[in-house]
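2 protein chains.
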Amino acid sequence: MTAATSVQTSLDRVLAEVDAGLEQSLERLYTLLRIKSISTDPAYAAECQRAADWIAAELNGLGFEAAARPTPGHPVVVAHGPKQDGTHVLFYAHYDVQPVDPLNLWHTDPFEPVLKTDANGRQVIVARGASDDKGQMMTFIEACRAWKKATGSLPVQISLMLEGEEESGGKNLPPFMEANRAELGAADIALVCDTDMWDRQTPSITTMLRGLVAEEIEISCASLDLHSGMFGNAARNPNQLLAEIISSLRNPDGSVAIEGFYDDVAEISPELKAQWQGLGFDQAGFLGDVGLSVPAGEQGRSVLETIWARPTCEINGMSGGYTGDGFKTVIPAKASAKISFRLVSGMQPEKIRAAFRKHVQDRLPADCTVSFSNHGGSPAITVPDDGIYLRQALDGLSGEWDKKAVITGSGGSIPVVGEFKNILGLDSLLIGFAHVDDAIHSPNEKYDLESYHRGIRAWVRVLAAFAS
Amino acid sequence: MTAATSVQTSLDRVLAEVDAGLEQSLERLYTLLRIKSISTDPAYAAECQRAADWIAAELNGLGFEAAARPTPGHPVVVAHGPKQDGTHVLFYAHYDVQPVDPLNLWHTDPFEPVLKTDANGRQVIVARGASDDKGQMMTFIEACRAWKKATGSLPVQISLMLEGEEESGGKNLPPFMEANRAELGAADIALVCDTDMWDRQTPSITTMLRGLVAEEIEISCASLDLHSGMFGNAARNPNQLLAEIISSLRNPDGSVAIEGFYDDVAEISPELKAQWQGLGFDQAGFLGDVGLSVPAGEQGRSVLETIWARPTCEINGMSGGYTGDGFKTVIPAKASAKISFRLVSGMQPEKIRAAFRKHVQDRLPADCTVSFSNHGGSPAITVPDDGIYLRQALDGLSGEWDKKAVITGSGGSIPVVGEFKNILGLDSLLIGFAHVDDAIHSPNEKYDLESYHRGIRAWVRVLAAFAS
Chain A
0 MTAATSVQTS LDRVLAEVDA GLEQSLERLY TLLRIKSIST DPAYAAECQR
50 AADWIAAELN GLGFEAAARP TPGHPVVVAH GPKQDGTHVL FYAHYDVQPV
100 DPLNLWHTDP FEPVLKTDAN GRQVIVARGA SDDKGQMMTF IEACRAWKKA
150 TGSLPVQISL MLEGEEESGG KNLPPFMEAN RAELGAADIA LVCDTDMWDR
200 QTPSITTMLR GLVAEEIEIS CASLDLHSGM FGNAARNPNQ LLAEIISSLR
250 NPDGSVAIEG FYDDVAEISP ELKAQWQGLG FDQAGFLGDV GLSVPAGEQG
300 RSVLETIWAR PTCEINGMSG GYTGDGFKTV IPAKASAKIS FRLVSGMQPE
350 KIRAAFRKHV QDRLPADCTV SFSNHGGSPA ITVPDDGIYL RQALDGLSGE
400 WDKKAVITGS GGSIPVVGEF KNILGLDSLL IGFAHVDDAI HSPNEKYDLE
450 SYHRGIRAWV RVLAAFAS
Chain B
0 MTAATSVQTS LDRVLAEVDA GLEQSLERLY TLLRIKSIST DPAYAAECQR
50 AADWIAAELN GLGFEAAARP TPGHPVVVAH GPKQDGTHVL FYAHYDVQPV
100 DPLNLWHTDP FEPVLKTDAN GRQVIVARGA SDDKGQMMTF IEACRAWKKA
150 TGSLPVQISL MLEGEEESGG KNLPPFMEAN RAELGAADIA LVCDTDMWDR
200 QTPSITTMLR GLVAEEIEIS CASLDLHSGM FGNAARNPNQ LLAEIISSLR
250 NPDGSVAIEG FYDDVAEISP ELKAQWQGLG FDQAGFLGDV GLSVPAGEQG
300 RSVLETIWAR PTCEINGMSG GYTGDGFKTV IPAKASAKIS FRLVSGMQPE
350 KIRAAFRKHV QDRLPADCTV SFSNHGGSPA ITVPDDGIYL RQALDGLSGE
400 WDKKAVITGS GGSIPVVGEF KNILGLDSLL IGFAHVDDAI HSPNEKYDLE
450 SYHRGIRAWV RVLAAFAS
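Those protein sequences? They're chains A and B, same order as listed. According to numbering that gives the first Met the number 0, numbering within the first sequence proceeds without interruption in unit steps and concludes at 467. According to numbering that gives the first Met the number 0, numbering within the second sequence proceeds without interruption in unit steps and concludes at 467.
Put simply, identical chains are the same to the list, so a pair is met inside one copy or across any two.
Computed cross-link-like contacts, EDC-like style, restricted to lysine to aspartate or glutamate with a CA-CA straight-line distance of at most 20 angstroms:
#, residue 1, residue 2
1, Lys-350, Asp-263
2, Lys-148, Glu-22
3, Lys-402, Asp-198
4, Lys-272, Glu-297
5, Lys-333, Glu-243
6, Lys-420, Asp-385
7, Lys-147, Asp-84
8, Lys-115, Asp-436
9, Lys-170, Asp-324
If you're looking for bench data, these hints aren't it; they were derived computationally from the structure.
Start from the sequences and build out the full structure, keeping to the hints where you can.
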């Protein structure tokens, strides 16, 4: 019996181990979800450290050599399994989570995970990070645990790199990868677990990801807050000015109005367009699930095209003046906004940032000023879709669900995929089990119990496929 | 010697009493300023009650029959001096103050008053409410105290009505005035102390006040917060939509773009225009003092006209999405704004409110909704400028300063002036000693020591003029 045959015959035992251990797997996930690892808020730095330490301890318990390694920000957990011949994979996920505000919209404590039955009768794990990305991360770790427990070893050589600053545009990971290039770049392929399934029946691997440019602007007009009775009409109101600038970012047809914004944007190929049409994307359902019916992007293009293959400009936050209870007739001195751009293949983040800043500067009256803060940027990514690892992974995934795994795009941005390529020379396979209704970044974030359970089983299969 | 002659000969003694007692007058003002009577925030209700009780006790100590009388909101202090023949005045001011945010921009504790020397070498009292309106209120009470101390009595019959909800659009005062119409309406003229001097050398009485309509809107798009990577382009962003709606409220020429907004707005008379030109208003200085140089209102009109005689639309607050530290790539479910309109003579608040709401409704995509909150409204006021009380008050004021008192307009709104007329049948004289740089409603609010000192002396003189 060859090693590959041995792996295949072990598969049923490992899958049975996953099923038998599900309850304990869940308890371990809950322990991690209780740690408030909000990376963007310095008040939670100790919680981020605690999450990293907990994960490293778990991995050491599974026979990895694991440590929470320091950076100028939050730690990176790096772990290496026993050396062996054949494929060597580097698994990536992130243990940090988004802030929880507005807290009053959560039905339960965001850091006290609960298993609920949702309106569709599905069991779901509710907590911040349940889906993005602690739940997804744990599917892989628990798959390793099942292999170890059922067979005493892992089917391929496995390393992990688990980040703590994915939600805070953290700039510490690329230098960390540079500094550990030889160690981390020894793998053959990166596995990134931070994406959705195509639908509840269809697993998928994402090969196109939008890039990101994140900017914060603060508009200053008067040198102090003014009374709107005394100064209304005379003094420039920065709320009004900011609204006019934001309004000017989009054309009435939904396209972005910044000069040169589309210069480097190519139309997708007719082949890809046809393939995407074959996916049978339910545009009305996609919007309807979140209470909408009118697509907001460029007219004349499908919703799928506008989120996978067209850039966007989104106002993620906006504030100025008095926003508390009651009313205050103030003309504030300042108003500010957090604005991000999603980029597609070909667009250069710093060129877009510069064009945006010029657009804003050009619209300021002579007595007003603006300050810009750079919250990071990354180009879009296209993963080659003809490699052996992709084929093996598609095979592994297809075994777990009723439908064959498909290749998709994604509107989101996962900068690390670019860094794997640029710094470590590794292609990435983006495999995840989340769903579009998981409310990631929102109150009452959840992860389907089925995502967790089948996610673990799917990784068991994908690892077997790599060993075959 | 007639009573009038007797009053005139007492004047010097009373003024000397003001000067000798200034330090103690200041201590009493400080005591009141330390009370955190923020009326808009329910957390400070007990502080509002405490301020009312303190003022009532002070007035009782001066021989008034005074009490803090309950309303469904904060109390109204009503006080009556001894009955006597001749003019009977009803003095109005408010003891509540604006919120103090942003607190980090205050150089000292807003509720621990300090006497400072400002950049111009002037002594100023710094505290929330120092100018608006506790300092102004105390100028009158301290004038009464000086009359009582120097002569044993008050020169005319005096009642006071001191409100605690002026800064929170409180709707409890009009019913209170209705319920006590006979008692309060027995006066001959109302004196309202909540306005500015024309300039540091020129006292003034305001005869035109803008009205107010205050609205809050909340735009709802998706049923939950969304990830801008997953939904960016596809989902309507309420921040963007709100910005577009706000932007649509003003035309490029600075005029308000709501349909019918100017229908009931009359041009001011050539006489008034000429009189205002004679005031020598320093438009560049007015804007320059607050760091501005480009007037924001209707082009082709003077700044003075745009703030005294033209309506405005101001965005007093605006918020949506993530506004904390760091960055969050969210498309929020909702965004909101606090928007107020200043009205001029002839405009009907409810007609403007309805036109505004239609303007917003007309701009909503089919899958978005808006909710409106009414934060109050009042029409503009024009006080007749040919009465005997106005002439007497101008005479009294002119005695205290180098320049003769002038008649002015004001961009602000003082709803109680309309209520004095409509409910009690009383005209009002708007007399105040504040300055445009007092930073009312802003961090580091101040009141010039000279405003306080000469304000007390001016009221001593005005009361004498009413008795002559």
